[in-house]
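Protein sequences appear in the order of chains A and B. Going letter by letter, the first sequence gives residues 0 to 524 in numbering that gives the first Met the number 0. Going letter by letter, the second sequence gives residues 0 to 240 in numbering that gives the first Met the number 0.
I should point out that these hints are in silico values taken from the structure, not numbers from a laboratory. Just so you know, not all the hints are guaranteed correct.
Said to hold, decoys possible - Here are the computed lysine to aspartate or glutamate pairs in the DMTMM-like style, where the Cα-Cα straight-line distance is at most 20 Å: (1) 124(A) to 145(A); (2) 124(A) to 278(A); (3) 25(B) to 14(B); (4) 25(B) to 109(A); (5) 25(B) to 35(B); (6) 115(B) to 4(B); (7) 222(B) to 182(B); (8) 25(B) to 346(A); (9) 351(A) to 109(B); (10) 25(B) to 345(A); (11) 115(B) to 144(B).
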Amino acid sequence: MCSPSASRWTRNECHPPIPLPEEGGDCGSPLRGSVLLAVPALGRPGDGHPFFGCNGEMSLLPKSLYGRLVLVLLCGLLAAQAITLYINRTERDQLLYRAGGRGLAQRMVDIVQLLDTLPAAERPKVTALFRAPPLRVSLDEPPMADEAAAADADFRQTMFKTMLQRALGNAAKISISQVARPPLPPAFAPGMMGMGGPNRLGGLGPPPYAAAGPSILVQLPLGDGVLVTFDTTLSPQATDLPLRLALTLLVLLVSVALLSLLAVRWLTGPLSALAQAADQLGENINRAPMAETGPTEVRRAARAFNTMQQRLSRFISERSRILTAMSHDLKTPITRLRLRAELLEDETLRQKFGRDLDEMQAMVHETLEFMRDSSAAESVQAIDLMALIESMQADYRDSGRTVAIEGQIEGSLEARPLAVRRCLGNLVDNALRYGERATVVIDDQADNVVLRIRDAGPGIPESELEQVFEPFYRGEASRSRETGGSGLGLGIARNIAHAHGGDITLRNLPGGGLEANLRLPHSAT
Amino acid sequence: MDSTDHILVVDDDAEIRQLLGDYLRKNGYEATTVADGKAMRTALTRSRIDLIVLDLMLPGEDGLTLCRSLRSQSETPVIMLTARGEETDRIVGLEMGADDYLAKPFNPRELLARIKTVLRRYRSLPLNLRADQARTIVFGAWSLDTVARHLLSPEGVVISLSGAEYQLLRIFLSHANQVLTRDQLMLLAKGREADPFDRSVDLKVSRLRHRLGDDPAEPHIIKTVRGQGYVLAVSVEMDPQ
Chain A
0 MCSPSASRWT RNECHPPIPL PEEGGDCGSP LRGSVLLAVP ALGRPGDGHP FFGCNGEMSL
60 LPKSLYGRLV LVLLCGLLAA QAITLYINRT ERDQLLYRAG GRGLAQRMVD IVQLLDTLPA
120 AERPKVTALF RAPPLRVSLD EPPMADEAAA ADADFRQTMF KTMLQRALGN AAKISISQVA
180 RPPLPPAFAP GMMGMGGPNR LGGLGPPPYA AAGPSILVQL PLGDGVLVTF DTTLSPQATD
240 LPLRLALTLL VLLVSVALLS LLAVRWLTGP LSALAQAADQ LGENINRAPM AETGPTEVRR
300 AARAFNTMQQ RLSRFISERS RILTAMSHDL KTPITRLRLR AELLEDETLR QKFGRDLDEM
360 QAMVHETLEF MRDSSAAESV QAIDLMALIE SMQADYRDSG RTVAIEGQIE GSLEARPLAV
420 RRCLGNLVDN ALRYGERATV VIDDQADNVV LRIRDAGPGI PESELEQVFE PFYRGEASRS
480 RETGGSGLGL GIARNIAHAH GGDITLRNLP GGGLEANLRL PHSAT
Chain B
0 MDSTDHILVV DDDAEIRQLL GDYLRKNGYE ATTVADGKAM RTALTRSRID LIVLDLMLPG
60 EDGLTLCRSL RSQSETPVIM LTARGEETDR IVGLEMGADD YLAKPFNPRE LLARIKTVLR
120 RYRSLPLNLR ADQARTIVFG AWSLDTVARH LLSPEGVVIS LSGAEYQLLR IFLSHANQVL
180 TRDQLMLLAK GREADPFDRS VDLKVSRLRH RLGDDPAEPH IIKTVRGQGY VLAVSVEMDP
240 Q
């Protein structure tokens with residue numbers, strides 16, 4: 000029947016909190032939160048140690064499960080792509096190139112051998128046949144220098160030369176030189192075997208000419224010393240590969256990111272539900288149990304959670320019942336003591352008894368008040384907060400105490416009238432008890448009403464600002480014992496504020512005095 | 000008090016019974032103490048009883064049942080004692096016809112003060128001025144919740160009242176359409192006559208009007224009767240739920 004507000008219970012004690020990654024210091028990461036497309040941040044996975052997380056200031060470990068999954072998948076993907084690229088560049092590319100080059104070399108050798116067999120007069124007719132791309136043949140070019148022999152020669156030229164040399168025989172003198180003119184369209188380029196041209200990538204690819212291989216002139220001597228000059232284009236090296244790779248990678252990255260998002264949302268849905276349930280448990284220990292559905296692990300977790308909730312609920316209600324029963328049972332002996340004390344002849348002694356009994360009675364009363372579930376007892380109604388504060392002010396005035404009101408609130412607030420009155424009353428009583436006079440400052444904000452209850456007292460040490468909300472907390476000054484407080488007033492007030500979806504905080508005012516900040520949402524939860 | 004008032008204490012706790020008896024006797028009352036309803040009835044037939052202090056939790060017939068059956072037979076004022084101190088107890092106690100209500104553990108001096116007030120009210124006022132027994136009192140477009148002790152405006156907004164404002168309104172509601180003088184108001188509220196120079200009644204009426212949104216220049220709910228006092232000028236309906 001009576002249960003202490005669950006929020007109190009979750010707020011204090013009993014277990015050290017499970018360290019959450021969020022609490023682990025400043026693990027700033029570009030992947031913090033739910034990054035939708037982590038591609039830019041993952042552009043440099045190589046620097047740093049993405050899997051070592053939060054050690055020191057170096058940390059790239061994303062905070063969300065989603066981010067982590069994307070990171071792992073992308074790192075693997077990038078590594079695979081890097082290796083593929085390496086293989087492409089070193090082996091496959093050269094093999095393809097060599098195959099293409101060999102075909103071209105073979106053709107040249109065939110032409111040379113054909114021309115060799117022909118008389119000089121017939122040769123121009125034959126060469127005329129080869130005046131069109133991809134291979135133009137002429138017989139009247141002047142001799143040229145052999146660039147392929149130079150130390151810094153292009154590897155493709157040297158390789159091509161080697162192939163020609165092999166086909167023609169070592170004795171032949173071969174000259175190769177680069178031509179500084181736009182190369183032939185790659186569609187005509189020889190040796191493109193199965194590689195696909197950049198054109199296949201449509202508008203996304205580089206301009207076709209830029210991707211074609213170098214144009215070269217090859218001069219081969221015929222048996223009679225005539226120089227045959229071939230004007231042709233070498234097979235383009237895979238200069239477009241990184242671009243194509245980048246595009247492929249981009250497609251993969253996007254799909255991985257989207258798939259990770261789907262997978263994580265799907266897999267972590269139950270985790271969010273669990274987190275939400277745990278949050279709600281803090282507000283209401285008797286919340287409806289979680290649905291025990293889904294995959295085995297999830298079902299087990301939900302069942303464990305529900306069992307835990309049941310045990311907690313039982314534990315709390317048992318504890319509440321004991322405390323409530325004890326407090327009730329104390330009433331009869333206190334009543335007897337009160338009567339006995341009144342029958343004492345000694346006036347001083349009687350007064351002392353009276354004070355002790357007042358204290359005991361206040362404790363019993365406030366314990367019962369504290370244990371009472373105020374939200375269960377009263378329904379939420381529209382209340383005129385201004386009338387409430389003013390009527391309380393009138394009551395204080397009638398009992399000779401001054402409470403000042405600053406500010407105003409128009410309209411009404413959704414709340415439990417008696418509970419709010421008790422809550423505010425406790426705060427004002429506190430202010431009057433320790434700070435002599437109380438001022439209630441009304442601050443009507445967009446979503447909340449904030450009431451600041453200020454006193455002119457000595458305030459409390461900063462270290463105790465939170466502790467004073469604990470039941471029966473006695474500060475170093477132990478002032479409440481001397482002034483008649485039970486040590487539950489603030490706790491009761493805060494429970495009420497929490498039950499309304501609000502809160503109470505304390506702070507010392509710069510000019511002295513204590514300020515209690517009561518925040519109440521316009522609509523109670 | 001011309002003669003000694005006789006108080007009957009009904010409580011099942013022997014010690015409290017005895018101590019209460021001693022305390023009352025020490026304070027100038029004649030006291031009889033009994034443990035249950037049966038003994039109470041016997042005591043009532045045996046001697047004149049001016050007031051009954053009745054414990055709510057009794058073995059056999061409980062305090063509420065006793066109070067109700069008592070009310071059907073006599074006018075003897077009853078002060079109810081309870082260990083629970085919850086609002087429902089208070090309202091139920093008052094509905095059953097108790098004149099006042101005190102939660103244990105009570106301050107004995109408070110009990111003495113209540114006994115005095117109840118006796119004085121009982122003797123100095125006609126019957127219809129005794130405690131009202133309704134949970135909700137509707138007057139005009141307004142209603143008063145006697146448990147929570149606050150008003151419900153025509154718009155359904157809870158309007159809190161100070162203790163004094165509530166008391167004054169209860170008095171007006173019990174005497175709807177009757178002109179009440181300042182003296183009467185004071186007597187009903189505090190059990191003493193008004194000081195001719197005491198303006199506190201006027202101040203309280205003006206605050207109550209403010210709560211009710213009643214224009215002080217032209218009030219519609221609590222009207223001023225020049226030279227006489229005030230009158231609640233709307234119809235009142237008791238709604239015991």
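Pair hint residue 351(A) and residue 109(B), alpha-carbon separation not exceeding 20 Å: Status holds; Cα separation ~18 Å.
Satisfaction of hint between residue 182(B) and residue 222(B), Cα-Cα up to 20 Å: 17 Å, holds
Residue 25(B) paired with residue 14(B) [C-alpha distance capped at 20 Å]: Cα-Cα ~16 Å, so holds.
Agreement of residue 25(B) and residue 35(B) with the hint, judged by alpha carbon distance not exceeding 20 Å: Since the Cα atoms of residue 25(B) and residue 35(B) sit roughly 24 Å apart, the hinted pair is violated (cutoff 20 Å).
Agreement of residue 115(B) and residue 4(B) with the hint, judged by alpha carbon distance not exceeding 20 Å: 10 Å, holds
Pairwise hint evaluation, residue 144(B) against residue 115(B), where the allowed Cα distance is 20 Å at most: 27 Å, violated
Given pair status - residue 278(A), residue 124(A), alpha carbons within 20 Å: 92 Å, violated
Pair hint outcome, residue 25(B) versus residue 345(A) [Cα-Cα no greater than 20 Å]: 15 Å, holds
Given pair status - residue 346(A), residue 25(B), alpha carbons within 20 Å: 15 Å, holds
Restraint status (C-alpha distance of residue 124(A) to residue 145(A) at most 20 Å): 27 Å, violated
Pair hint outcome, residue 25(B) versus residue 109(A) [Cα-Cα no greater than 20 Å]: 142 Å, violated
Consistency note: the structure conflicts with the earlier hints numbered 1, 2, 4, 5 and 11.
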